[in-house]
Amino acid sequence: MINKTKQDQLLVSLIVPIYDAETYLPKCLDSLLNQTYRNWEIILVDDGSTDKSLEICNSYAKIDLRFLIVH
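Per the working numbering, the very first residue in the sequence shown carries number 3; after that it's consecutive.
No lab work stands behind these hints, which were simulated from the structure alone. Beta carbons: idealized from backbone N, C-alpha and C, even for Gly. Some hints could be false.
Calculated lysine-lysine pairs in the DSS-like style (CA-CA distance at most 25 Å, straight line) [unchecked claim]:
{"no.": "1", "residue 1": "Lys-29", "residue 2": "Lys-54"}
{"no.": "2", "residue 1": "Lys-29", "residue 2": "Lys-64"}
{"no.": "3", "residue 1": "Lys-54", "residue 2": "Lys-64"}
If you anchor each label on the Cβ, the simulated ranges turn out as follows [said to hold, decoys possible]:
{"no.": "4", "residue 1": "Ser-61", "residue 2": "Pro-19", "range": "15 to 25 Å"}
{"no.": "5", "residue 1": "Gln-11", "residue 2": "Lys-54", "range": "12 to 22 Å"}
{"no.": "6", "residue 1": "Lys-29", "residue 2": "Val-72", "range": "19 to 29 Å"}
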């Protein structure tokens, strides 16, 4: 069993694939941003979106450096 102190130090990496998701993306990213566990990184993988998904990703990456964008 991992004690709570050690568990709080574990980095959780989440990968979010994105393709033309501007309608749902803010709700998804807000949900991730509002988690109570704080030691995480979100890897946003943009697969050539033709809508404003990349702009949305960039705006979240400016707000929180734990959002990483991969094109």
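Verification of the supplied hints:
Proposed proximity of Lys-29 and Lys-54 is supported: the alpha carbons are some 14 Å apart, at most 25 Å. About 17 Å separates the Cα atoms of Lys-29 and Lys-64, which keeps this hinted pair within 25 Å; it holds. Taken as a hint, the Lys-54 and Lys-64 pair is honoured in the structure, with Cα atoms around 16 Å apart against an allowance of 25 Å. Remark: the range hint 15 to 25 Å for Ser-61 to Pro-19 is upheld by a beta-carbon distance near 19 Å.
Between Gln-11 and Lys-54 the CB atoms are about 36 Å apart, so this pair departs from the stated range of 12 to 22 Å. The hinted range of 19 to 29 Å is satisfied by Lys-29 and Val-72, whose Cβ atoms lie roughly 21 Å apart.
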